[in-house]
Amino acid sequence: MLNLDDTIERVKECKLIPERDVEELCNKIIEILIEEGNVQALDTPITICGDIHGQLHDLLTLFKTGGECPSTQYLFLGDFVDRGFYSLESFLLLMALKVRYPDRITLIRGNHETRQITTVYGFYDECLRKYGSVNVWRYCCEVFDYLSLGAMIGGQDGVFCVHGGLSPMIDQIDQIRVINRKQEVPHEGAMCDLLWSDPEDVPSWSISPRGAGFLFGYNEVKKFSHTNGVSLIARAHQLVMEGYKEMFDKRLVTVWSAPNYCYRCGNIASVLAIDNALGRQYKVFEASTNQEISSIPSKKPTIDYFI
Amino acid sequence: MLSPNQKKDKVIRSTDLDALACRLSCAQQGYFLPMDNNISKLVASYSKYLQFCEGYTNLSASRTFRMAFNDRKFPIINRGTYLRTQSISQIVEEFIKEFGTCQILSLGGGSDTRCFKYVSPNVKYLEIDFPETAKIKKLTILGDNGLRAIVKYEGEEHIGLDVTTRDQFNDIEPDLHTSNYHIIGYDLRKLTHSSEVLQFVDSSLPTLVLSECVLCYASPQENENIINIWSNYFGSTLMSLIVYDPISLKDAFGAQMADNLQRRGINLLTFNAFATVESKLEFFHQLGLKNSKVTDISSVGGYESTGAWFDEEEVKRISKLEIIDEVEEIKLLFSHYCLLYGENQSSRSFRAINNWRWKLESD
Numbered sequence: 001m002l003n004l005d006d007t008i009e010r011v012k013e014c015k016l017i018p019e020r021d022v023e024e025l026c027n028k029i030i031e032i033l034i035e036e037g038n039v040q041a042l043d044t045p046i047t048i049c050g051d052i053h054g055q056l057h058d059l060l061t062l063f064k065t066g067g068e069c070p071s072t073q074y075l076f077l078g079d080f081v082d083r084g085f086y087s088l089e090s091f092l093l094l095m096a097l098k099v100r101y102p103d104r105i106t107l108i109r110g111n112h113e114t115r116q117i118t119t120v121y122g123f124y125d126e127c128l129r130k131y132g133s134v135n136v137w138r139y140c141c142e143v144f145d146y147l148s149l150g151a152m153i154g155g156q157d158g159v160f161c162v163h164g165g166l167s168p169m170i171d172q173i174d175q176i177r178v179i180n181r182k183q184e185v186p187h188e189g190a191m192c193d194l195l196w197s198d199p200e201d202v203p204s205w206s207i208s209p210r211g212a213g214f215l216f217g218y219n220e221v222k223k224f225s226h227t228n229g230v231s232l233i234a235r236a237h238q239l240v241m242e243g244y245k246e247m248f249d250k251r252l253v254t255v256w257s258a259p260n261y262c263y264r265c266g267n268i269a270s271v272l273a274i275d276n277a278l279g280r281q282y283k284v285f286e287a288s289t290n291q292e293i294s295s296i297p298s299k300k301p302t303i304d305y306f307i
Numbered sequence: 308m309l310s311p312n313q314k315k316d317k318v319i320r321s322t323d324l325d326a327l328a329c330r331l332s333c334a335q336q337g338y339f340l341p342m343d344n345n346i347s348k349l350v351a352s353y354s355k356y357l358q359f360c361e362g363y364t365n366l367s368a369s370r371t372f373r374m375a376f377n378d379r380k381f382p383i384i385n386r387g388t389y390l391r392t393q394s395i396s397q398i399v400e401e402f403i404k405e406f407g408t409c410q411i412l413s414l415g416g417g418s419d420t421r422c423f424k425y426v427s428p429n430v431k432y433l434e435i436d437f438p439e440t441a442k443i444k445k446l447t448i449l450g451d452n453g454l455r456a457i458v459k460y461e462g463e464e465h466i467g468l469d470v471t472t473r474d475q476f477n478d479i480e481p482d483l484h485t486s487n488y489h490i491i492g493y494d495l496r497k498l499t500h501s502s503e504v505l506q507f508v509d510s511s512l513p514t515l516v517l518s519e520c521v522l523c524y525a526s527p528q529e530n531e532n533i534i535n536i537w538s539n540y541f542g543s544t545l546m547s548l549i550v551y552d553p554i555s556l557k558d559a560f561g562a563q564m565a566d567n568l569q570r571r572g573i574n575l576l577t578f579n580a581f582a583t584v585e586s587k588l589e590f591f592h593q594l595g596l597k598n599s600k601v602t603d604i605s606s607v608g609g610y611e612s613t614g615a616w617f618d619e620e621e622v623k624r625i626s627k628l629e630i631i632d633e634v635e636e637i638k639l640l641f642s643h644y645c646l647l648y649g650e651n652q653s654s655r656s657f658r659a660i661n662n663w664r665w666k667l668e669s670d
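Here the protein sequences line up with chains A and B, keeping their order.
With the first letter of the first sequence counted as 1, position 244 gets the number 244 in my numbering; the numbers rise by one all the way through.
With the first letter of the second sequence counted as 1, position 146 gets the number 453 in my numbering; the numbers rise by one all the way through.
Incorrect hints may have been included.
Below 20 Å or equal to it, Euclidean Cα-Cα: the simulated EDC-like pairs (lysine to aspartate or glutamate) are [as the list claims (entries may be wrong)]:
#1 K623(B) with D304(A)
#2 K627(B) with E188(A)
#3 K638(B) with D304(A)
No lab work stands behind these hints: they were computed from the structure.
Computed from a prediction, not measured in an experiment: that's the story for all the values here.
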């Protein structure tokens, strides 16, 4: 039988979780996620977090910075896995917290939470390396399909949260609510855009250099915010060297929570605490230097350059 | 036991394996058209002979080899490898087109396969690298009918050649000389005006000198020496120089990069000394090189305002090969690598060099 508190402690120590426990955890979280809407309604106060990308030690620093769960309520904007060396542990920790405290933590889907992207960017290989089979990866991918696509904090005039950004196919938030989200992220369309788009200084919808989603500008943000009664769009998805970046008269913010991204970028990270009056407090933090606590036979970090 | 300096040199030589692993991964993803089948021949050669190189045992060689080749390379690395390789190849092609009969001199090219593509009766191709690295390439060529034909090797050294022990490997002479291809085992940092290697280089042919991630391991003073020697050696004959090097930009990414590479024992001696495209260009200017130009790989790839070095069709083809998840990171990584051009005080000039979009230029 799965003992959640025990699992949480073991994951924090980077210890291997038995495959059957992972399976049970995934089944349990699906039971919770299946009841959640595409756009979760959330109350303040809450702390919003950006990309994690398998940097478990930095995730632990994040909880020290923002306050432990459940005393602090959290919203994670996706991209839990890939790139870093501890994708599985990072996602297991977040799932275990979700199952243990369902009302104190919300997870929404990022563009990396898909079968296709995780086979290219590390999560698949990591599961295979750690378990000798891809069962664990399969269980986690099942969970991905049930994750919400966005959240609305504080009701009318509140904060709209999504991993990537806006979509030319979405004028009203209600249009997001009717998407059938229980699927692999498509290569185009509203669901894809929400997870892939980026804000940019462009006069209108433009082609994204990522090859998926769109670039959107101040005009699109103003229109969307006005139509839907949104005072702030909070999103992640883009590396920001300073940890966060407000744009468009502070109507949009990018929150980035993976310090020294890929052990290579030298950036700092942040979380955004929203208080009851929708006031914003950015809490920044740096990369953990404690990479040695692992007892898992992990990959020795080789960080590629052109040399 | 290796001395500290020997250890440092061993690490520098090992970077050739990194570059080879990157090229192999890039080729396997379909970036190079047509597919470059010579890369895997060099890989096979390394897997056979690395164990006989200085500072390696059978065990440590296979571990090093696994580390370099086993892991999947991220798309960002494949794309960067493509941009670096193709941008320089474009320049080589145009140089050959403009001058017809000419010479390509690759400094520290190691396991690079570009030589096999461009060596011809009109194009004399020379490669200078550490003796061990030269040996591995030479053995690759001797052991392959196709490569022997490409470099027009007519000797008999390959007949019955079977290197299976360290002693046999040590006994191999690193140099290989044919009518239009030369591989020379030599430590470039020791280059002087009277070095024997110079005798193989034809000072009457317009020459393009290539340095890809090579001069960055030499000190600024050694850089100056090496460049000056070649500049002067060619005298009134045109010598064009292309340098591809990492630059620190003196920012957080650069500091982290220096730190990460230091952990592997890699010291980039010009990384902070010439930290920006401006200071790289200034360095060339000070050395008396003319017609100097510089850009960075982020610009070459079309991630900056200058526009890509590739036509729309090619950009489209490349972007379809692999999903790029993060553009900010690409810009960050690629902007820390520069491509630098300059030529000696010859009356001739490489005119086509102006066809590409450069970030900065000086007279």
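Subject >> Restraint check for K623(B) with D304(A), where alpha carbons must lie at most 20 Å apart >> reply: Violated - the C-alpha atoms of D304(A) and K623(B) are around 25 Å apart, more than 20 Å.
Subject >> Restraint check for K638(B) with D304(A), where alpha carbons must lie at most 20 Å apart >> reply: 15 Å, holds
Original post:
Does K627(B) pair with E188(A) here, judged by a C-alpha cut-off of 20 Å?
Top reply: Holds, at about 15 Å.
Violated hints amount to a single one, hint 1; each of the other numbered hints is respected by the structure.
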